[in-house]
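Take the sequences, apply the hints, and build the full model.
Residue numbers (the working numbering), protein chains in the order written: chain A, 33 to 208; chain B, 524 to 1049.
Among the hints, a few may not be true.
One side only, chain A facing chain B, incomplete, derived with CB under 8 Å [what the hints assert, rightly or not]:
{"hint": "1", "residue": "Ser63"}
{"hint": "2", "residue": "Ile67"}
{"hint": "3", "residue": "Arg117"}
{"hint": "4", "residue": "Ala118"}
{"hint": "5", "residue": "Val139"}
{"hint": "6", "residue": "Ile144"}
{"hint": "7", "residue": "Pro159"}
{"hint": "8", "residue": "Ala163"}
{"hint": "9", "residue": "Arg194"}
Reference excerpt, derived from the structure (chain B facing chain A, CB under 8 Å, subset only) [unchecked claim]:
{"hint": "10", "residue": "Arg693"}
{"hint": "11", "residue": "Arg696"}
{"hint": "12", "residue": "Gln796"}
{"hint": "13", "residue": "Pro1001"}
{"hint": "14", "residue": "Thr1015"}
{"hint": "15", "residue": "Ala1016"}
The set of hints was computed from the structure by calculation and includes no laboratory data.
Ideal Cβ positions, reconstructed from N, Cα and C, are used throughout, including at glycine.
For reference, the chains in residue letters:
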Amino acid sequence: MSDDAPEVPPSAAPASPLEPWPDTVRWRSISTDLIWVELLRLAAGVAVVAAVLGVGWALTGSWPFGLALGAVVLFALWRVVTIVRAVRAWGYAEREDDLLVRHGLLVRRLSIVPYSRMQFVDVSAGPLERAFDLATVQLHTAAAASDARVPGLRPAEASRLRDRLTTLGEDRAEGL
Amino acid sequence: MSGSAAPGPDRTPPGADERDHVGETVSGQASGRPAERAVPAVPAEAPPSDHAVPAAPEASPPGERPQPGPYQVAGPSTPVGGWIGPPSPDPSARQRLHPLSPVLHGAKSLVVVIAGLSWSTLSRVGLGWFAAMVIVLALGASVLAVVSWYNTGYQVVGRELRIHEGLLWRRSRAIPLERLQAVEVVRPLLAQLTGLAELRLEVVGGGKTEAPLAYLSLAEAAALRQRLLTLAGHSSGTVPAAQAQPVPAGAEPPAQPGRPLHAVSNRDLLISQLLTPQAFLLPFGVAFVATQFLSEGSWSFIAVASTLTAMAGVLLQPVRRVLDDWRFQLARDDDRLRIRNGLLETRSQTVPLHRVQTVRVTWPLLWRMKGWLRLRLEVAGYAAGEADERNRPDRLLPVGDQPTGEMIVAEVLPGVALASLPLRPPPARARWVNPLSRQVLGAGLTEQVFAVRSGLLTRQLTVVPYARLQSVRVVQGPVQRLLGLATVHADTAGGAGAAAVDRDLTDAWALAAELTAWGQAARRAG
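Structure follows, in structure tokens:
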């Protein structure tokens, strides 16, 4: 089948599961400031849980609270490591006809979404993200399973991407 | 207004029909007022010089509105910080909703507040305090509504509509107008009293109304709807004929019988439903109940009733299938399938072939001795969990033998031979993940379709035409990473799509690349 495929994929075996077709795709990474956003989110969650456990420990003095507190701290440390690595692993690439988004460490995912399948584009930014001057672009297709979300973009880059996606989507628009 | 929301047949995306009907009916209601139709697309209230935000330079001046620059660096509205273009009377400038909308939203929340406080609170705190609480909460809700109104805006930029909302969690949504399925003008009671209207935009995908604009003045809503439909390229002229009929423009006269393809014999249907696990369990259930009664000697009514209920629940599915698929007839009429079935209520469905997203072939374990299979199809435009789940046009063949299945598949997907799909199994090391079913798994590409086989007991073959491919995903879990495997998903607009499980990693990338390339070629051609 591949002999008459319109576009023969590069024959070279991909070097890494996260980097297919390294010779044809130029990956862009997202801003590392997203690490701080994610870390602050984690810190907020952990602080609440740790405060509850700490108060419980101080009042009752029973050891399971201390154990749970230790587990929470360990979990937080592990999450810090994974957050840093996950943000570094997140990447996107604009090809001529489709957008590539890769993310995930434990479960690695790569989405290939053709521009012409785009239904609409969301640009969103929560308060924490805006404090770090970041925004998230999400591409929606008619398939619910499509997963093309790019967080941690600079606002200028986010609106550039948004405009490019909508323009390309219109250029290559068909129905379903 | 009176223009049909139905796009031409060539560019009608699946799902357009139904949604357009909705848009049609409501628009018909709105267009009963011809005076409002004549209102130009100028906003009723031009936005005052708003937001002390440093206005980003308008990248697409009104002159080149129909086609924005292909590559706008830092577009007309920067999504964070400066969302607002310079206010101008030009209709493409960012506009607010009607100033009365926060009042309406506040009134809505007042009802909720009163309902939430409930009678018990009233009796406990007395009328005065109750009134005070209501007023405080309603004021709070109104303030929120005003803030949200102040931060909500819409804007037509080139051929897309942008909706901005939110103060803390800001979101700006860009909707290409080509994607618009229908635009409805809806008028709830409160809006009718105040002369306002809500504009709802239907986009394929979400399964729900994605972008409500609540509220606009009626004239503004009508003008915006007209403008959006014009920009979207739908016919905007007056087509009175299209309005009377809820049929998309360009549809041929109804009720052509078409060329009959296949009729399922009721005997086969009955036998096929007897060859289900549920039917096989029935004797065991009866025997169990009987032995229990005989040994216990006590005929407890509750025990009998509960056993019967449980058995009825189990048997419901085969019985319902028999009732639903009785006298199943399939016909082909030009480029659509006509399906007629049902014993108690006869259902007749029409499925345009270009709306078929996937075809699923199932070989249940017990049917294999007969060599039977079942065909189902997925159609876009039916949101999952919709109320008329049973009316979904998903049956293609309730039961049939291999040649019949091949014939129907070839009819629905021309050029696809069910028997000779080039399916390749995953590599040998995939047996660590699928110890029994590795031989069954398979994936293959033909000129038209992507086919995936799975299932040890109930064997399933999913066929996705390239032209219906929405996106391609490659997912690799931790165990798969150890083994150097990956799963390739082909997503479609309805149903689950197809997943080639546990391919060799290199093979998975090749599959993804080929799927992308084929999909692109199919989109170019179609």
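Results for each hint:
no. : hint    : verdict
1   : Ser63   : violated (12 Å)
2   : Ile67   : violated (18 Å)
3   : Arg117  : violated (14 Å)
4   : Ala118  : violated (14 Å)
5   : Val139  : holds (5 Å)
6   : Ile144  : holds (4 Å)
7   : Pro159  : holds (5 Å)
8   : Ala163  : violated (10 Å)
9   : Arg194  : holds (6 Å)
10  : Arg693  : holds (5 Å)
11  : Arg696  : holds (5 Å)
12  : Gln796  : violated (31 Å)
13  : Pro1001 : holds (5 Å)
14  : Thr1015 : holds (6 Å)
15  : Ala1016 : holds (4 Å)
In the structure shown, a violation is registered for the earlier hints numbered 1, 2, 3, 4, 8, 12, in ascending order.
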